[in-house]
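Chains A and B, in that order, are what the protein sequence lines are. Counting from 1, one number per residue, gives the positions in the first sequence under the numbering used here. Counting from 1001, one number per residue, gives the positions in the second sequence under the numbering used here.
In case anyone wonders, no lab produced these hints; they're calculated from the structure. Each residue gets a CB set at the ideal place from its N, CA and C atoms; glycine is no exception. Heads up, some of the hints might be wrong.
[Stated by the list, open to error] Each pair of labels, with its calculated beta carbon distance range:
| hint | chain 1 | residue 1 | chain 2 | residue 2 | range |
| --- | --- | --- | --- | --- | --- |
| 1 | B | M1343 | A | S64 | 13 to 21 Å |
| 2 | A | Y19 | B | S1592 | 52 to 60 Å |
| 3 | B | K1422 | A | D73 | 19 to 27 Å |
| 4 | A | M1 | B | I1081 | 39 to 47 Å |
| 5 | A | A80 | B | L1376 | 57 to 65 Å |
| 6 | A | S64 | B | G1442 | 39 to 47 Å |
| 7 | A | L109 | B | F1318 | 46 to 54 Å |
| 8 | B | F1331 | A | N92 | 25 to 33 Å |
| 9 | B | F1331 | A | G15 | 42 to 50 Å |
| 10 | B | L1633 | A | N92 | 41 to 49 Å |
[As the list claims (entries may be wrong)] Footprint (simulated), chain A over chain B, 3 or more residues, beta carbon under 8 Å:
| hint | region |
| --- | --- |
| 11 | 1002–1016 |
| 12 | 1413–1425 |
| 13 | 1466–1475 |
[Claimed, not checked] Here are some, though not all, of the chain A residues that point toward chain B, as calculated from beta-carbon distances under 10 Å:
| hint | residue |
| --- | --- |
| 14 | V3 |
| 15 | V16 |
| 16 | V17 |
| 17 | E43 |
| 18 | L54 |
| 19 | S64 |
| 20 | R70 |
| 21 | Q74 |
| 22 | A80 |
| 23 | L94 |
| 24 | E95 |
| 25 | G97 |
| 26 | I102 |
| 27 | A105 |
| 28 | L109 |
Below, each chain spelled out in residue letters.
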Amino acid sequence: MSVFLSVLLGVFCVGVVVYPFFKNRYFPNMSDAPMEFADSTSELDNILRSIRTLQLEYGMGNISEEAFNRELDQYRDDAATCIQQMEIGRSNELETGVEHEIAIARLRLQNSDDKPVGETETF
Amino acid sequence: MGELGATTLWMAICLATYSGVGSIVGKIFGIYSLLESTKKSVYLLVLVLGVCTASLVGLFISRDFSIAYVAGHSNLAMDHIYTWVAFYAGNEGSLLYIAFVLSVMAALAVRFAPSSVRPTLPFSTAIMMVVLVFFLVVMALMANPFAKLPITPPDGEGINPLLTHFGMFFHPPALMAGLIGITIPTAFALGGILGKQTRDEWVEIGRIWGLVIWLLLASGLLLGSWWAYTILGWGGFWFWDPVENAAFMPWLVLTAFIHSIMVQRRRGMFRMWNIVIINIAFSLALYGMFMNRGGPVPSVHSFGASSLGWVFLLFLAFGTVVPFAIFFWRFNLLRSARALESMLSRESAFLMNNLLLLGIAFVTLWGTVYPLISKLITAQEITIARPFYDQVNGPIMLALIMLMGIGPLIPWRQASVVTLCKSLMWPIIVGFIVVVIISLIGFTKLYPLIGYGIAGMVTTGITIEWVNGCRSRRLAFRESYPLTFVKLLMANRPRYGGYIVHLAVVMVLLGVLGASFFNIQKDVVLAQGESVDVSNYAVKYVGTNVVSRSDRVSYLTDVEVSRDGQFFKNMTSRRDFYPSFNMASTRAAIHSTPIEDFYIVPSENMADGSVGIRILVNPMMWWMWVAGPVFVLGTVIALWPDRRGSITKPL
């Protein structure tokens, strides 16, 4: 019984480990493609969270009006810089994505050329 | 079943090695199928090690004494309920438990890794797998839980009597999970810098894992204190034992980490500092596992003791040198986005908090290793005892808790002296009033006076924060008070969850101060019918019932307790003697209230029928145990994900 279960588990493991090589033979997974720019929305999230905290602190009377206005301006500047960087990042990411799509298309073309005549493939 | 366990152990080694090597190769050469395959093998590890774990538990359930580990840690008399405890009661089983927990955490970390860390996830996976492979290989080659005995004995040796306690279902698993779990945030930090992601990409996932691990360690430490209080028979809860310290130090450093990571999350600062801190926490976690498994300092926690100390020492050296080598390799890329703008800011308060926590950790480490150093230098072992820790760590801890009260009242970036004084005025006044009231009652010891004053100050500060927050929100949104309270909490979970945890720390402080400075202890030998007075209690020894079982003799000691001259209650404490271990374990009888614990435990049963009893009155101990669930509540609130997702996400 133990031997049977061990063999079964072993075969299952090998199957699961090997499967991505067949599944992704013609279609590389986009989600694992190298990304030059990580998602920078989190930085903007942090700035907006900081503004909320600042508003809360001001509402609670922990900071003066002068300090509130000064820091709010600084956070706005930070947010503007961050949005600008995100725009640059997005356009570069788009270029990387297009290059990746072209690479996949080339791979597909190459694979279809290698196939024997008469064999079809569904994309 | 033993064969299945042994086979799955080797399968796990193959899968973990494949996953670690494959992740790096796949990442370097851009082989996406390989990366996908290694990810799958991380998930498979949970299944394979789950089967391995289930096999060992199954062997315990079926009492298969042909397996050396089962025969060494269970017997026919052992209650089935303790099967789970017996599973990790020894070195081999605890290693399997650690490996299984790490596989589960690694699978969760990989599955739910945010997009920001995905480019460097293969490096992080490889780091997790290096640690996992170490544990698996040590198990397979040096501490195999499925090793067979040449001859099957008719009965096993039995479980260590000290482990047959309810707290043991959670205390060791929580601590072991916490110690090994530090691997996950460390892997994200190091994976990030290996992949040249040297900004704040790993911060959110590092914070989440840091909090989870911190909670596991905090729960484990509190449950361990409760276990010591109820079973070890000395009436205390913390002994500064080397193995206790070994779990306490990573918790301290992790506490520093979950604060300083907030600064990086919010302000992009402390980038180097956070990497250093998580590396230190990882090294201390490895040190903790080394101490528990054949460490050179003797301890009451020697359940997992083995001859594997040198292997763990080597891995400790590896686990300390390599992360710091990676850190120094990428040192120039780890510059913070901003500099500290003012010494009077939330960031500075967090930095000070970090320094104090690291100070306590360093003092504790020094006290733990000092016996070894003294032995090496003078050939004479000098043991560091509780007074050293109390005298050095006590004031630092009080300063830390005071900072805990001040820090949340200081705004980010820069605070003005006037507004800070205004915010601190009421907490300081209340703290002062508490000191005056306590000294008027007649308690004049300096430390507890300061301690209770600080507790009053922190509680007032937190209460004012809640009240002001609710008031401010109510003015803006015109909601009812209960709704305002809930919405304020939900909108600022890390902040208010943190406040709840701070309240739990105050509760622990109350318990520690009460039990350390105001406890009353009496050790007496009573003949049947004799009584003794302790504080306002009178204890009359009624008699002892002796119950013999196959593995132990239980002495049930009945006493009648009066309070202020009136009958209060009958209490029964227990002392079990295990002949095969030549060891006794006790169960104290405790009457616990928020004011004080009345604690009674038998220390010895004499041949003439008299009994040695320890009686304690521990003020405010109840608060310490109640703090546990409050810790959990606060951390869960701080961790709870924001269902709105990214607040900058386009609709």
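Evaluated hints:
Taking the beta carbon of each, B/M1343 and A/S64 are about 18 Å apart, inside 13 to 21 Å as hinted. Under the hint 52 to 60 Å, the C-beta atoms of A/Y19 and B/S1592, about 57 Å apart, fit the expected range. With their beta carbons about 23 Å apart, B/K1422 and A/D73 fall inside the hinted range of 19 to 27 Å. The supplied range of 39 to 47 Å is broken by A/M1 and B/I1081, whose beta-carbon atoms lie about 27 Å from each other.
Separation of A/A80 from B/L1376 is about 60 Å and conforms to the stated range, judged on CB atoms against 57 to 65 Å. Checked against the hint of 39 to 47 Å, the C-beta distance between A/S64 and B/G1442 comes to roughly 44 Å, which is consistent with it. In this structure the supplied range 46 to 54 Å holds for A/L109 paired with B/F1318, their Cβ-Cβ distance being about 48 Å. Roughly 27 Å separates the CB atoms of B/F1331 and A/N92, a value that falls within the hinted 25 to 33 Å.
With their beta carbons about 44 Å apart, B/F1331 and A/G15 fall inside the hinted range of 42 to 50 Å. Between B/L1633 and A/N92, the C-beta spacing of about 44 Å keeps the proposed range 41 to 49 Å intact. With 7 residues bearing a CB less than 8 Å from a CB of chain A, the region 1002–1016 of chain B meets the requirement of three and the coverage assertion stands. Residue count for the region 1413–1425 of chain B with a Cβ under 8 Å from a Cβ of chain A: 8. That meets the three needed, and the coverage hint holds.
Check on the region 1466–1475 of chain B: 6 of its residues sit with their Cβ under 8 Å from a Cβ of chain A, so the three-residue criterion for coverage holds. Taking 10 Å as the C-beta cut-off, the interface hint given for A/V3 holds, the closest approach to chain B being about 7 Å. Proximity of A/V16 to chain B holds as hinted, the smallest CB-CB distance being about 5 Å (cut-off 10 Å). Taking 10 Å as the C-beta contact cut-off toward chain B, the hint placing A/V17 at the interface holds, the least distance being around 5 Å.
Taking 10 Å as the C-beta contact cut-off toward chain B, the hint placing A/E43 at the interface holds, the least distance being around 7 Å. At a threshold of 10 Å, the smallest CB-CB gap from A/L54 to chain B is about 7 Å, leaving the interface hint in force. Taking 10 Å as the C-beta cut-off, the interface hint given for A/S64 holds, the closest approach to chain B being about 6 Å. Because the closest C-beta pair between A/R70 and chain B is about 9 Å apart, less than 10 Å, the hint holds.
The interface hint given for A/Q74 holds, since its Cβ lies 8 Å from the closest Cβ of chain B, which is under the 10 Å cut-off. Hint status for A/A80 relative to chain B: violated, with the closest Cβ pair at about 13 Å, above 10 Å. Annotation: A/L94 was flagged as interfacial toward chain B, and the flag is violated, the nearest CB pair being 16 Å apart, outside 10 Å. The interface hint given for A/E95 is broken, as the beta carbon of that residue sits about 16 Å from the closest beta carbon of chain B, more than 10 Å.
Contact between A/G97 and chain B, as hinted, is not supported at the beta carbon level, the nearest pair being about 14 Å apart and thus beyond 10 Å. The interface hint given for A/I102 is violated, since its Cβ lies 15 Å from the closest Cβ of chain B, which is over the 10 Å cut-off. Using the Cβ-Cβ criterion of 10 Å, the hint placing A/A105 at the interface with chain B is not satisfied: the shortest such distance is roughly 16 Å. At a threshold of 10 Å, the smallest CB-CB gap from A/L109 to chain B is about 18 Å, leaving the interface hint violated.
Hint violations for this structure: numbers 4, 22, 23, 24, 25, 26, 27 and 28, all remaining hints satisfied.
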